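The lines below spell out each chain.
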Amino acid sequence: MTIAVYLAIYAGAAIFLGGSFRRAWQYARTPLHLRWELYPVPHEGPYRAAYGGSYLEAQEWWRKPRMDHRGYEWLVMAEEILLLKSLREFNRRLWLPSFLFHGGLYLAIAALCVEAVTGLLGSADGAPAAALAGIGTAGCVMIIAGACWLLARRIADPAMKNSTRPGDFFNLAAFITAFGLLACGYLMRGAGTASLGELARGIIHFDRQVQIGRTFGAGVILASALAAYIPFTHMAHFIAKYFAWHSVRWDDRRNERGGRMQTEMAANLGRKPTWAAEHVGADGERTWAEVASTNPAQEARK
Amino acid sequence: MSGTVKLWDMSRKDREPLIRLENADLMPLPAPLDGAVNDRAWTRLSEQCKSRYETGLDDTCAVNVPQPKSAEEETQLVAKFLSGLDKLFDKENNWAFLQPLLLTLEHCTGCQTCAESCHIFEASGGNELYRPTFRSEIVRRLYFKHVKRGGLLSAWQHGTIEVNWPLVARLIELAYRCNLCRRCAQACPIGCDNGLVAHELRKLFSQEMGIAPREIHENGSMLQLRAGSSTGMTAEIVKDNVAFIDEDISERTGIEVRTPWDVKGADVLLIHNAGEIMAWPENPGAFALILSMAGVSWTMSSELAAYDAINYGLWYDDAQFARVALKQVEAAKKLGVKRIVVGECGHANKALCVIADRLLPGDLNVPRENYLPLLRDIVLSGKIKFDPARNDFPVTLHDPCNMVRLMGVVEPQREIVRALCPQFSEMEPHGVNNYCCGGGSGFAIMSGNNFPDWRFHVSGRKKLEQVLNAFGDCLGPETPKYLCAPCSNCKGQFRDMIAYYDLWEKNRLLYGGLVELVVNAMTDVKPGFIEWEWR
Numbered sequence: 001m002t003i004a005v006y007l008a009i010y011a012g013a014a015i016f017l018g019g020s021f022r023r024a025w026q027y028a029r030t031p032l033h034l035r036w037e038l039y040p041v042p043h044e045g046p047y048r049a050a051y052g053g054s055y056l057e058a059q060e061w062w063r064k065p066r067m068d069h070r071g072y073e074w075l076v077m078a079e080e081i082l083l084l085k086s087l088r089e090f091n092r093r094l095w096l097p098s099f100l101f102h103g104g105l106y107l108a109i110a111a112l113c114v115e116a117v118t119g120l121l122g123s124a125d126g127a128p129a130a131a132l133a134g135i136g137t138a139g140c141v142m143i144i145a146g147a148c149w150l151l152a153r154r155i156a157d158p159a160m161k162n163s164t165r166p167g168d169f170f171n172l173a174a175f176i177t178a179f180g181l182l183a184c185g186y187l188m189r190g191a192g193t194a195s196l197g198e199l200a201r202g203i204i205h206f207d208r209q210v211q212i213g214r215t216f217g218a219g220v221i222l223a224s225a226l227a228a229y230i231p232f233t234h235m236a237h238f239i240a241k242y243f244a245w246h247s248v249r250w251d252d253r254r255n256e257r258g259g260r261m262q263t264e265m266a267a268n269l270g271r272k273p274t275w276a277a278e279h280v281g282a283d284g285e286r287t288w289a290e291v292a293s294t295n296p297a298q299e300a301r302k
Numbered sequence: 001m002s003g004t005v006k007l008w009d010m011s012r013k014d015r016e017p018l019i020r021l022e023n024a025d026l027m028p029l030p031a032p033l034d035g036a037v038n039d040r041a042w043t044r045l046s047e048q049c050k051s052r053y054e055t056g057l058d059d060t061c062a063v064n065v066p067q068p069k070s071a072e073e074e075t076q077l078v079a080k081f082l083s084g085l086d087k088l089f090d091k092e093n094n095w096a097f098l099q100p101l102l103l104t105l106e107h108c109t110g111c112q113t114c115a116e117s118c119h120i121f122e123a124s125g126g127n128e129l130y131r132p133t134f135r136s137e138i139v140r141r142l143y144f145k146h147v148k149r150g151g152l153l154s155a156w157q158h159g160t161i162e163v164n165w166p167l168v169a170r171l172i173e174l175a176y177r178c179n180l181c182r183r184c185a186q187a188c189p190i191g192c193d194n195g196l197v198a199h200e201l202r203k204l205f206s207q208e209m210g211i212a213p214r215e216i217h218e219n220g221s222m223l224q225l226r227a228g229s230s231t232g233m234t235a236e237i238v239k240d241n242v243a244f245i246d247e248d249i250s251e252r253t254g255i256e257v258r259t260p261w262d263v264k265g266a267d268v269l270l271i272h273n274a275g276e277i278m279a280w281p282e283n284p285g286a287f288a289l290i291l292s293m294a295g296v297s298w299t300m301s302s303e304l305a306a307y308d309a310i311n312y313g314l315w316y317d318d319a320q321f322a323r324v325a326l327k328q329v330e331a332a333k334k335l336g337v338k339r340i341v342v343g344e345c346g347h348a349n350k351a352l353c354v355i356a357d358r359l360l361p362g363d364l365n366v367p368r369e370n371y372l373p374l375l376r377d378i379v380l381s382g383k384i385k386f387d388p389a390r391n392d393f394p395v396t397l398h399d400p401c402n403m404v405r406l407m408g409v410v411e412p413q414r415e416i417v418r419a420l421c422p423q424f425s426e427m428e429p430h431g432v433n434n435y436c437c438g439g440g441s442g443f444a445i446m447s448g449n450n451f452p453d454w455r456f457h458v459s460g461r462k463k464l465e466q467v468l469n470a471f472g473d474c475l476g477p478e479t480p481k482y483l484c485a486p487c488s489n490c491k492g493q494f495r496d497m498i499a500y501y502d503l504w505e506k507n508r509l510l511y512g513g514l515v516e517l518v519v520n521a522m523t524d525v526k527p528g529f530i531e532w533e534w535r
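Chains as they are written, first to last, in this note's numbering: chain W, 1 to 302; chain Z, 1 to 535.
Please keep in mind that the hints were generated in silico from the structure rather than gathered at the bench. Note that the structure is a prediction, hence the values are computed from the model and not measured. For each residue, glycine too, the CB sits at the ideal point set by N, CA and C. It cannot be assumed that every hint is accurate.
[As the list claims (entries may be wrong)] Counterexamples of contact, computed for chain Z against chain W with all Cβ distances above 12 Å:
no., residue
1, E72
2, E256
3, I384
4, I445
5, E505
[Claimed, not checked] Chain W regions said to be covered by chain Z (calculated; three or more residues, Cβ under 8 Å):
no., segment
6, 28-38
7, 47-59
8, 84-90
9, 259-265
Produce the complete structure using the sequences and hints provided.
See below:
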């Protein structure tokens with residue numbers, strides 16, 4: 001069981017990190033898109049962001065310095081990530097189950113990370129370790145409660161029926177099972193089996209002497225599999241959110257002469273579309289710049 | 001009605017509409033339109049329309065897609081659709097929106113936060129067909145199946161749907177049941193954008209299949225590129241019309257006004273939505289008067305497409321969009337003006353000032369701005385004297401989505417109305433949380449078949465509720481009221497919707513632009529610039 005648990009953790013972590021990196025890399029490599037921002041944009045600063053204003057509210061805005069309140073942007077992001085502000089504001093019924101679920105994940109991940117560090121330092125026992133295990137268990141309970149609630153919503157709420165796929169039930173069921181096994185296995189572990197701190201230390205040092213209970217071990221293996229699976233599903237929205245907010249909603253960067261953006265624009269305008277409608281006039285040879293320079297209305301008249 | 005339509009109903013092979021809305025289904029309106037009986041009856045589609053066009057969605061027809069004549073034709077159309085779908089996810093063809101589209105399609109959790117924000121969904125009484133995720137969920141399933149070439153595992157994870165001509169035909173209509181106001185995207189906790197999905201679908205249909213509503217393609221962007229304006233006005237005609245407006249405004253205000261044309265090196269190139277010149281001539285007249293009195297060095301251009309700020313490509317076609325934007329900046333470059341200022345037209349402002357920004361390399365990147373900061377600075381500068389008492393009637397302000405939520409121009413217009421309108425009151429919600437007028441994304445100019453009934457009953461309903469509530473304490477005909485809508489398309493929607501419900505005759509509800517309020521308050525102008533009569 002010990003070796004299986006270790007291998008599951010190593011593989012789960014590696015696939016999770018690799019898959020997440022690959023997904024992020026794919027979005028980062030998409031071409032510069034047209035501006036598509038939505039206000040408020042927090043780096044305009046607390047005053048303007050409070051009512052949704054932008055630098056376009058000034059005459060000759062191009063002569064004025066760009067507002068760059070990154071600190072405020074981080075504050076808004078933190079509120080969104082930790083407290084799920086959008087859900088609280090626009091979909092209060094879903095906020096509590098979702099908050100329980102995500103809050104539980106944050107607690108469980110935080111407990112795991114601290115345990116890993118203390119394990120690495122070789123001081124993974126005692127009262128702090130017990131407190132961390134308590135936090136991790138509370139996290140598991142929150143995840144299970146949140147996931148059950150979300151599952152009930154998916155089953156019972158007609159509003160969610162059309163956009164619920166079979167995979168969504170599986171995902172929530174997998175969370176409930178994995179974290180249920182983890183919490184039960186840990187709380188009911190037998191004498192001589194490893195504490196969370198000992199497990200963390202064992203993973204880092206590949207210590208095969210560490211004893212792991214079956215239920216807890218099964219939970220770890222299932223949670224590792226779940227971690228490996230997440231980057232390949234819509235549950236990777238923690239990655240999407242970064243791009244959707246920073247690269248789309250809040251991307252109000254101006255096109256300035258001589259800037260790097262102009263190089264990216266030139267690459268885009270040099271792309272060769274193949275859209276088939278006659279008025280577009282794309283033939284796979286003409287570039288976007290050439291297509292934009294034609295006038296189908298006048299060419300048709302000729 | 002909610003929950004009655006399933007995704008797979010879209011592939012149903014019969015031509016019967018999936019839904020048929022009745023007044024009793026809709027979100028209730030306040031007085032004087034409270035109760036289904038006080039609402040207008042719907043016009044049903046004619047038999048002729050049903051026999052010629054695809055009308056299997058909701059007993060409404062916006063696009064006039066001809067029914068295919070054979071099974072082979074249907075197969076060809078479906079193949080074209082799938083080929084276009086592929087191109088939406090290809091950077092050569094769709095670099096312009098690839099990233100936001102991928103982010104939206106690959107991450108929606110179906111939480112329905114967007115639905116709570118959508119005015120169309122709410123106004124329809126929560127009809128499943130108009131749920132923002134309904135359309136997106138179909139596109140998502142098609143994407144994973146036909147673009148990502150997903151197999152059984154993908155179908156289990158993302159769901160599946162049968163693609164056939166009825167589905168494509170219904171999707172064409174459904175792409176035109178969204179105002180692209182993006183209020184849903186603002187609410188999404190992940191940043192998914194269902195408005196963008198509707199936009200991209202419209203692009204697919206236009207750029208690959210050559211399908212778009214006549215009003216925005218043939219009579220819109222194509223006419224603009226052929227004649228110079230979607231109104232059909234050529235340069236000679238527009239100059240004549242503006243000369244007539246100048247004369248009329250000079251007479252009405254007692255101040256000589258002359259619009260300058262093609263002045264090289266002017267500070268400002270002003271571009272109006274040319275619809276103003278035809279439908280609301282007092283608007284360009286008021287602009288001319290204000291700029292002249294403020295001593296601004298300005299001009300208009302008689303170049304093709306540069307005397308009409310509209311850019312309908314923004315709603316349905318990237319190629320048409322880029323062509324019009326390019327013509328407008330080339331005209332500015334030719335004149336050597338210092339900046340372009342776009343007048344009272346929301347989509348034109350966003351199109352030229354924001355969306356076109358990353359299409360204009362080198363010296364084509366002529367500085368461009370919305371007219372509101374300039375107008376605000378003129379009004380508050382003290383150069384012109386105002387008497388707010390001349391505007392002493394109830395005023396409320398509509399926020400055009402394109403200027404406010406999508407550009408962040410929120411306060412300048414408020415500073416003006418606060419300074420000049422003693423009885424100004426806000427709608428709730430307002431600013432970036434506003435609701436669309438219901439005419440956004442081309443609907444205001446789309447009036448074929450019974451589509452106007454849909455846009456007044458459904459897409460305009462939430463805004464109508466807001467307007468009636470804003471004037472709730474003075475609804476009677478004894479108090480004339482002014483709904484200020486600083487956008488041509490929004491004005492078009494309000495004109496038609498107020499007439500549809502007879503709110504001018506019964507409640508003395510007038511709509512108009514912002515510059516008209518400014519001129520109405522000028523002490524040097526003859527009183528009564530705003531004429532309280534219906535046009």
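Here is how each hint holds up against the structure:
1. E72: holds, 18 Å
2. E256: holds, 26 Å
3. I384: Non-interface label stands for Z:I384: nearest chain W Cβ at 16 Å, farther than 12 Å.
4. I445: holds, 18 Å
5. E505: For Z:E505, whose nearest Cβ neighbour in chain W is about 36 Å away, the distance exceeds 12 Å, so it holds.
6. 28-38: holds (count 9)
7. 47-59: holds (count 10)
8. 84-90: Check passed, 5 qualifying residues.
9. 259-265: holds (count 3)
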